[in-house]
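Participant: Residues per chain are reported as follows:
2 protein chains.
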Amino acid sequence: MLNPEILFQTTPENYKHWKLQLSGPVATLSMDVQEDETLAEGYKLKLNSYDLGVDIELADAIQRIRFEHPEVRAVVITSLKPRIFCAGANIYMLGSSSHTFKVNFCKFTNETRCAIEDDSLHSGRRYIAALNGTASGGGYELAIACDEIYLVDDGNSAVSLPEVPLLGVLPGTGGLTRLVDKRKVRRDRADVFSTLAEGLKGKRAKEWGLIDDFFPRSKFDESIDAVVKKNLESSSSETGIKLTPLEFQSTDNSRDYKYVNFKLNREQRYADLTVYAPEGPQPTNGNEIHELGAAFWPLQAYRELDDALLHLRVNEPLIGLVCVRTKGDAETVLKIDEALAANHDHWLVREIVLLMARVLRRLDLTAKSFFAIVEPGSCFAGNLLELLLASDRSYMLKDSDATLAVSELNAGAFPMSNGLTRLQSRFLAEPEKLDEVLGEKKSFDTDDADDLGLVTFAPDDLDWDDEIRLAIEERTSLSPDALTGMEASLRFAGPETMDTKIYGRLTAWQNWIFQRPNAVGEKGALTNYGKPTQAEFDYKRT
Amino acid sequence: MLNPEILFQTTPENYKHWKLQLSGPVATLSMDVQEDETLAEGYKLKLNSYDLGVDIELADAIQRIRFEHPEVRAVVITSLKPRIFCAGANIYMLGSSSHTFKVNFCKFTNETRCAIEDDSLHSGRRYIAALNGTASGGGYELAIACDEIYLVDDGNSAVSLPEVPLLGVLPGTGGLTRLVDKRKVRRDRADVFSTLAEGLKGKRAKEWGLIDDFFPRSKFDESIDAVVKKNLESSSSETGIKLTPLEFQSTDNSRDYKYVNFKLNREQRYADLTVYAPEGPQPTNGNEIHELGAAFWPLQAYRELDDALLHLRVNEPLIGLVCVRTKGDAETVLKIDEALAANHDHWLVREIVLLMARVLRRLDLTAKSFFAIVEPGSCFAGNLLELLLASDRSYMLKDSDATLAVSELNAGAFPMSNGLTRLQSRFLAEPEKLDEVLGEKKSFDTDDADDLGLVTFAPDDLDWDDEIRLAIEERTSLSPDALTGMEASLRFAGPETMDTKIYGRLTAWQNWIFQRPNAVGEKGALTNYGKPTQAEFDYKRT
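Chains as they are written, first to last, in the working numbering: chain A, 761 to 1302; chain B, 761 to 1302.
Incorrect hints may have been included.
Straight-line alpha carbon distances no greater than 30 Å define the calculated DSBU-like cross-link-like pairs of lysine-lysine that follow [what the hints assert, rightly or not]:
id, chain 1, residue 1, chain 2, residue 2
1, B, Lys942, A, Lys1193
2, B, Lys1291, A, Lys1018
3, A, Lys963, B, Lys1193
4, B, Lys1300, B, Lys841
5, A, Lys1202, B, Lys944
6, A, Lys1283, B, Lys1283
7, A, Lys1193, B, Lys966
8, A, Lys944, B, Lys1158
9, A, Lys942, B, Lys1193
10, B, Lys1300, A, Lys1023
Because the hints were derived from the structure by calculation, they are not lab data. Please read all numbers here as calculations on a predicted model, not as lab measurements.
Make a model of the complete structure from these sequences and hints.
Facilitator: Now the structure itself:
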């Protein structure tokens, strides 16, 4: 590994690139990228350009606002640099990164932007992009993930997507999709805008729907204040909880959090990942949950799972398969789901369930294979059943006391990116099975689960070890690229949404371009950016 | 160019690989690929494997059945080879083809399979895949494009998608998408099936929804007959027309059909393509249209346009931009649309309009840029207005007598792959403009068109030549790959369908894989298929 291990945990006190300012119902997130504080060698983060480290802080800030500052109703995203909002992903970072890293970088930044929209849609916080200077590339893509966009009118500042004309790649952090699908910019105008390196300024940008309004520099701050005020109709007097640091112990081949652990089988290129149910009595009402805060099992366990998934994605590229197990008392997990369902009106419960849903989508979008392994002592129940449903396959030991169980939350609390529940997606051909599975709220033994189609295979004790071993060996021997493309096609049957378009269509094209000689070859546009040499293209098209 | 020019026209008398047998309401299309009759050197088409030449015949046969044999209500697709239905795309052909050719090959075969579904959906012909032997890879993908699939049960014949396990690529001709979205196979079963080189036979294949039924060899023919009979509820006594050969004159840099011509500006890497309106009186009722047959302008002009687009895609990869013009009397075009709308119940009119829609979708899916150029004397009216709406941009000369005009057909006769009309797609943000544009049924001069948002730019006479020249120069200087990814993202705003998933998501991943070292590198799976050497993978995943 060229780069040191990347950590996904941070806290506002440790931010290098963002300032989080809180003032009652308004949070202001100001970008002030420190050009030397990079995640790797070989580039400087000039002009508020970003690398993964900058985005990890942004993702953390958004998450913390949701949990620690529920009183916030509007988030202003702006910059502390004069004349520049954000120049997007750093080109030299992209140019010097491996294909794998570029893919991971884009996926994480996409998830961060989708998390902004998730907060806006489900928790009603309004995100306001206050572009006090030029927003180009990923800078404008960050703005377009917000609810409203305001640009300073100083004769100079513009919004732009210069990726195609300058770099020969795509505005692949959702930019192209959000342009036509979210802001519904006319496709011919989107075409012009996306090939115009210098972008568009105030009046025309507004006319084309790229921004909501523009204000002169002298009145910019007060105009933003006025916009914010308009967005503060609702108020909230809730008190947040503290997202305490996740603790874990690790070796070269393992990591143990409190409720999650994984062990890497490096030679065979797979990981064993286990999620543990909690023990003892669990809270049943909002106050008790609030008191427990970050230590409440669903919050802690899913934050740990999130961290583990990100670690495996970015720091363990050679691990191609994750075998998912659960351990503990299914009844306790179901009781927790009951409490979450009963208190869904409580702001903290809502945020916890939304976070669980985001983590499960992170799993859906992880380009590694997942096999769920159901053995005696497991607890694939309620929210943990989603881990099995999210897996590419499941194996359940026959004639054992292993069971699966559903809860109310399996009926809609954890939608996939395509808007369906994982059960809906599984039973597209037999929607009547949904009622059967969800109706009786009981647990299913291996025969039931097999009959209903909840598991893929149910080998008996005699075959179990061999079957699992062979399945793992076979999976990890296949082309990792073919598996990635296959899983991206099979996991999301049914409708498509803006999110799935971003992760499926746009990302796939970006990944294609990210290895084309026209981008990354010796004469490619990305390779030659900022050099005296010019890109030379192979102009073939189909 | 390594390969000789590929021609897309053929006739049943010239088929090398298919037999088309007609028996009243039943057509039987039998695959009997001649292994030496390849489009290029270096491979043999063993076991009913196919190259582009085989698929050009299939596409032609389906088109001819629709126009020449409207009495056909059921099409049986089967094989004349013992024990093998079809082995899919020829691997050695894929292994020895350029990336560009692979992309073109997959797109065309996808369009052919979508044309089968288009015929089934809109014209009610039932397609029955009679798998008298193993259908693997593209062979099964052809079957899955049919309405029903029946497999011989001989202890040997199977359906399979061995691309991932054997070749390190995807079943990218719609296979993965149709598996979960059309046949709604459970995603974990689809995962197992798509990694199982040997595939599945009779009973299990049926249980998993991969086939509709299986019959023993001794009863296969009679069972298929019985299935066909069940599908012959409706009957038709219409008489077809003859799809006469398209004639054209060509030079190295031009091609002139009767109503379509193009001129290649090779140095500047763009083409000027012009569609001409017909002259003189046009038929107004079904009988007159039937009498004219293939000479009726919409049929002839759109068949010519189709042929021209395919030629540009496959034989002219260095042409990156097509400037589209129309010439002639807009009134005549509108009169034709009126006749088509008035006679939409006539089978031939229905087939003509459906063909026009398919050709326009072929344009939407062509990975070259399109600019519409509206000058005096043009006739972007009704169906020809779709050419402008399908273009990435349009330029209309100000203060001239150039006009645009709509007809009833712009309101729904030519849906894009995403199910929207091009006007709906254009006015996603302002659906009220649809009424404005469609309501008055008048023609729009440059100011109207500009105000309504029907055109992108309306330069005046003084700027016209420079603006067009600069736009062309700029477009053709950009990275062709970035443009392809950008256009694939901007052209299809709004909903996604199975078709757009196939052309967007699945195809993008396949294209990605088609240039990964794990597939096409020295140690890639595609490169090493059938050789004593084995593939060696870089196992990184994200």
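Participant: So which of those numbered hints doesn't the model satisfy?
Facilitator: Hint check: 2, 4 fail, others pass.
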